[in-house]
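Visitor: To convert, note that position 129 of the sequence shown is 129 in full-length UniProt numbering; the numbers rise steadily by one, no gaps.
Bear in mind the hints are in silico, worked out from the structure with no lab data behind them. It cannot be assumed that every hint is accurate.
Capping the alpha-carbon separation at 16 angstroms, the derived lysine to aspartate or glutamate pairs in EDC-like fashion look like this [to be verified]:
1) K173 x D159
2) K173 x E186
3) K232 x D105
4) K173 x D158
5) K232 x D250
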Amino acid sequence: MTTMNHDISGASGVEAGADEETATPILDVRGLTVHFPIKKGFLSRTVGHVRAVDGIDLSVRAGETLGIVGESGCGKTTLGRSVARVIEPTAGQIVYRDTAGRNVDLAELNARRLRPYQRQIRVVFQDPFSSLNPRMTLRQIVGEPLRTSGTVTGSELDDRVASMLERVGLSPKYMNRYPHAFSGGERQRVNIARALVLGPRVVIADEPVSALDVSVRAQILNLLRDLQEELKLTYLFVSHDLSVVENICDRVAVMYLGKIVEVAGTADLYAQPRHPYTEALLSAVPRPDPRLRGAGRRIRLADDLPDPANPPPGCYFHTRCPYAVPGVCDVAERAPLLTSSGSGHRVAACVRSDELGLAGVGSEVGGP
1 MTTMNHDISG ASGVEAGADE ETATPILDVR GLTVHFPIKK GFLSRTVGHV RAVDGIDLSV
61 RAGETLGIVG ESGCGKTTLG RSVARVIEPT AGQIVYRDTA GRNVDLAELN ARRLRPYQRQ
121 IRVVFQDPFS SLNPRMTLRQ IVGEPLRTSG TVTGSELDDR VASMLERVGL SPKYMNRYPH
181 AFSGGERQRV NIARALVLGP RVVIADEPVS ALDVSVRAQI LNLLRDLQEE LKLTYLFVSH
241 DLSVVENICD RVAVMYLGKI VEVAGTADLY AQPRHPYTEA LLSAVPRPDP RLRGAGRRIR
301 LADDLPDPAN PPPGCYFHTR CPYAVPGVCD VAERAPLLTS SGSGHRVAAC VRSDELGLAG
361 VGSEVGGP
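Just need the whole structure built from these sequences, with the hints factored in.
Guide: Rendered as structure tokens:
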């Protein structure tokens, strides 16, 4: 049962046992909202808003990989891009802790003041085929952020591009070739090189392997992991593939209809989800070991998704939830908040989370 958000800065992460100082987030999102207007009529009058991101609170610690998962249309891509200000937020704060230890609200900066911080927060886009300009060479594609920022020019620019290509596993001798000469995996390496050439601290990875062949995905994931360790990067990893997320993420935030419904450390969330929507998503994760709880027990949700412009009262998920209780989950005044559970390392927005024994994918049947 879903939905209203609350402060989740205490959720577990890569440094779950860290003290307060080391747990200081590099990104702290508060009340982030992105609403798209619905216009009708000859005069394009606004008649409503699609609530793509609806008041999200989220913290990301330096050096961790935080996964954002959910069905198509849940708002996860919009969330990632709004954090990077690729999409303008409607309301809320995006507090970034810069290299000097100062907290800066990126949401309130104009274009000129935002520019230096956009060099520190970069995006790896989903489709390596459409995200690269077919009329530009690799030198131009990877070097474009350097040129537009005025960071380096001339031979130094070529040296930086060559060095970045080598880091992502491509030979500098390909610098004068065009994207059509490369495979999907190689194009995504170019995409990653372009995102990292300015030396960012935070990378928004928007479905970075979803458009690739299965045989290539592991290579790109290993590359991202190696680059994170080498360059001390922080990842916000957006994906619909829970198998990929389990492999690379330290923590996972689950989104439904523009809101976060559960946040937990990856191992905890996969072993014992505390929200029915998370349980349904995990039931679709393929598992070769039949002893694992949830294997072969696919939870099929109703296809009638609520309208994001007119979400249901109370828990947004109650219209599809097999555990919904009439008069409890569908009451606006009882909309569930994200609340801590256990040691405080996880949160879930469900009024029945403490009484439901939900099935994960990391425990054997009959286990604790």
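Visitor: Now tell me if each hint is right for this structure.
Guide: Evaluation of the provided hints:
As the CA atoms of K173 and D159 are separated by approximately 12 angstroms, the hinted pair is consistent with the 16 angstroms bound. A threshold of 16 angstroms between alpha carbons decides the hint, and for K173 with E186 the separation of about 14 angstroms falls inside it, so the pair holds. Proposed proximity of K232 and D105 is contradicted: the alpha carbons are some 22 angstroms apart, above 16 angstroms. Using a Cα cut-off of 16 angstroms, the hinted pair K173 and D158 holds, with the two alpha carbons roughly 11 angstroms apart.
At most 16 angstroms may separate the alpha-carbon atoms for a hinted pair to count; K232 and D250 meet this at roughly 15 angstroms.
In the structure shown, a violation is registered for the earlier hint numbered 3 alone.
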